[in-house]
Amino acid sequence: MFNKRWRALAGSLAPSAAVLAVAVLGLALDTYWQYVLAISISAAATGGALAMLVSYARCITIATGAMLAIGAYGAAIPVVLAGVPFGAALVFATALGALAGFILAIPGVRFRSHNLAMVTLVFQSVVIIVLRESKALTGGAEGIHVPPPVIFGISFADDAYFLLLCGLLCALAVLPIAILLAGPFGKNLRALASNENTARAFGINVRHHLIAAFTFSSALIAFAGAVSAPRFRIIDPDSYGVLTSIFTLAYPIIGGMGSIWGGILGGGVLRVLPELLRPLADYIELIFCVLVVGTLTFFPEGLASAFWTRRRRNRTATASPASAREWQAARIGGSVSEAETVTAAEDQASGRPMLELHDISKAFGALRAVNGVSLTVAPRSLHGLMGPNGAGKTTLFNIVSGFIPPDSGRVLISGISLDKVPIERRIGLGMSRTFQHAAVFRRLSCLDNVMIGLGRNSVLQGAIRSLAAALDTEEIRAERYAALLALEAVGLGARAQDPAGTLSLGDQRRLEIARAIVSRPRIILLDEPVSGVSAEEAQRLRELLIMINRELGITMVVIEHNIGFLVSLCQRISVMTEGHILAEGDAAAMVSDPRVRLAYFGEREAAE
Amino acid sequence: MIVVGGLKFGAIYSLAALGIVVIHKATRIVNFAHGAFVLAGAYATYGIVEGMGLGYWPAYLLVPVVTGLLAAAVELVILRPIRQSDMFALITSTIFIGIGLSEVYRLVQNTEMLGVPNPFPGRPIFIGDIIITKEQIWVFAGAILSSLIGLAIFGYARLGRGLRAMAANVRGAVLCGYSTDSMNALAWFLGGALAGLAGVFAAPSKGISPELSISMVTAGFVAAAIGGFDSLRGALFGGLILGLAETFAAAYVSSAMTNAISFLLLFMVLLWRPEGLFPEAKIRDV
Amino acid sequence: MILQTSGLRVASGPMIRVDGLDLSLAERGCLALLGPNGAGKTASVEAIAGLIPKAAGRVMFDGSDITSLDASKVVRRGLALVPQLRELFPNFSVEETLLAGSHAARGRPAIPFDMVYELFPRLAERRSQLAGSLSGGEQQMLAIGRALVTNPKAMLLDEPSAGLAIGIVRAFVDAVKRIRESGVAILLVEQNLEIAATLADDCIVLAAGRVVWRGSARDATSSEEIRQAYFA
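As they're listed, the protein sequences go chains A, B and C. The first sequence begins at 1 in my numbering and counts up by one. The second sequence begins at 1001 in my numbering and counts up by one. The third sequence begins at 2001 in my numbering and counts up by one.
In short, the hints are calculated from the structure, not lab data. We put the beta carbon where it would ideally sit given N, CA and C, even for glycine. Please note: incorrect hints may appear among the correct ones.
[Stated by the list, open to error] Which chain A residues face chain C? A few, computed with CB under 7 Å, are given here:
hint, residue
1, Asn389
2, Pro405
3, Ser408
4, Gly409
5, Gly501
6, Leu505
7, Ser531
8, His561
[Said to hold, decoys possible] Beta-carbon label-pair distances, calculated as ranges:
hint, chain 1, residue 1, chain 2, residue 2, range
9, B, Leu1159, C, Gly2007, 38 to 48 Å
10, B, Ile1132, C, Leu2085, 25 to 35 Å
11, B, Met1052, A, Leu277, 33 to 43 Å
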């Protein structure tokens, strides 16, 4: 309602409002403090940008100094050399920063961890070297003098005016980042940071998202550099060196990796700590290092989050599954898109198998993991896949869901070939899956997990939906409602806001099912859906799956070691052994088939 | 002549890179604090040579032990508790440990830059047109020899077997009675000792200042990357290649390129052959 | 009893893999641990060996409590594990692999490598060949050999015949018999009922982390209950 809409908007505006508030408060203080606060505010903006890269995407970047320099010089040089108005120079510098981030990211995000860190270090060093060497343009190592900003003829040389300008500009600049991070874009970043493969299975293109994260944050960092440069009066390459990059890394880590606030507070406070703690100035850098290592060791989520996690950890209640009638009612109210249910009906009418595997083979070196497997799965059916260890079931699953390319053979879903279709696009074709180890995104809430399941996760969609979330539009509310319904269908409605990591295993498996069904897929691949749960829970999960299959017409292919479960759930079962299909047919018949028994138990002949 | 100069620095880089690779192979951690260990070696050299006036020979023997212990202490006290965390936490920690250590040295020493004398002063040798100083020969030979000793220990000695087993398969190594705790500490000790030795060799010519820390970890990293990060021999050759590239760039292009060249090299390696020039054959364990 | 567990519980994250396992292995005896996939057999032996953490329970070996010891210490006490994935070192030669294994026997009487070469002549022919280039069967032999040179009093074998050709399986069955004859107690994890019955004195069947059948090997082969347990 009205309240909720304002709450969503307020959440996005809050960081900007805080920044502006600090600036306004500073007007009441003396010029020294106005100087300090102006620097603090631009550092807060830098921290906010780093929150995107470091806290959300968990990337190590040692290029922040270079980005600040690009912004600072990018605004200063046009003003000094060509008399460009400050406003235009600011826009130019920001665009330059975005471009720089983009250029850095394109080769950079091929790597993770230490190689990514080194690529950013390369970028950092090269930028500083270029700045130092281009004497004509940048004044070389001596730097250049930056005049105070002049906007529409008004000079902002005065400390108070500058503080206000700085506050306003930074508040505005932080807003888009805050909106992105609070909304689905930020959630997607967290998802890919916690589990890349699972994220990809739901349409999140990791490469695109990381490039976007670098681009957006570099733009904001450059902006902060450009805005703060006039305050320093003189800028030189050495103030934007490697040490700057490393110490800015501390902002989100010490401030808290849980949200943009950590980055903002971290930046705002840490940047001016040497000023505030004059007597300790010499030791400040050492203190930073100790704080960072200490935080990483004892509070991996940052100081602010440590407090929140403790409060949430204690809830372990298991919800009971919804009855068929409740689900029926939910379905009538809640389909996100009529088109999806129509497709399922279409599929059945056409008579085409839902899933076809033609002669799939995959070898790892000398090991033939899958050897000429052909399989068809009828629409709306429950199809099981079983076999002793090493039979190749998981490899086959990974081939079908796109995680491993087959050496030969074809996979078709509803007649459409999946050849060369990357993982991220399979959800768009109606394929969804669960994972053996209950791969939920532990730090995201159950609702967020399921919303990711909707599959509307390209960078553009993520950004638009983030804006929609801030404005609390009808669209986003419909999405949230669909997600909530899916949760209620599996019995987790009450836990919608709880972090997925606090759920019991059985509930995590339910969450996975909710996430898999919310996009109304044609087919779901379930990888050991009851592994590790109690017999009672397995029974309840079985009833849930049967209900979903019946009510939504979703085809299911299930791998399970629990043969009793498989037989009670599935209509047909394929038995694999040593890479090929040994037998296939009606579930009960498979279990008493002598060939199957041979594969599992090895009758006397096999041992001799 | 440029070649000689390049080989000399290259040999120092090889030592540094070797230490990084030893630690990475055995513990999977990329030690961004490595430069700080090199710097510790350089400072310790100053302490022994100038501070205590003992001359160079004790330095070559004692410094590796000191830095090795320092590295092992870092592993034991700081890294062990977070060993279970993800790579992000581990790498970021080593970055800040490195900076923190450099800061500690700076505060203790109270000056920015220190110097130690040339261990082999005296007339240079003339071979035709080429002028080679005794110091250059000594550093090159000494550093390469140390690297080879390090390689030998890792590759052939009983001590090294446990480390190699850990590098190949942690679970398998544990089932042979090698404890991960001891092996990790040993790997860091060895890596730290190599770093310290690099510091002793580097101190006279590169000067002792916090700058050394960053330049050595970068050079070590680039050399290791050229070699393929998991290959000790690769680190050796990578260092030499880097040293040569740097001095050639400085002579023929400009001195600013000295720094840039290492990054360009790294960039090229990462883009075209991320597995390095000497990839360790990864044979599948079926 | 050389090896005893009581109330062994193993969990990985929220998943409970083994829920209260009690077993006893007699000195020089042979116990088979059977069950379908995912039953917790591998988790059980890996926890006993100290390779993965235990959520609860106690493990007694050779008179002392080894519950809190990690695998490197357990093997040095004389309890060796041959894991399901063998976990060999691809770039170590056969000889060097045995050298690595003998590290666990430091301070105790050494096992001459010839004993291993006699048991597996194919390994003798390939002394300096790298482990990564051996065939599946040869790798399994090496893995067992590596465990043997740790001078164990008891060995945990996790599905030693998995993925091996029929002809080689027979050789393995013989090898395990000979190892047993030399005085080493064996805890054998197997999916194949027949192999288990040939080698073991007693059998325990696990399903979904719990014991569902216990008895002698002879009873196991004739028991329809066991087959039910697999398919239940």
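>> Flag every earlier hint the structure violates by its number, smallest first.
In response: Checked against the structure, the hints that fail are numbers 2, 3, 4, 5 and 10, while the rest are satisfied.
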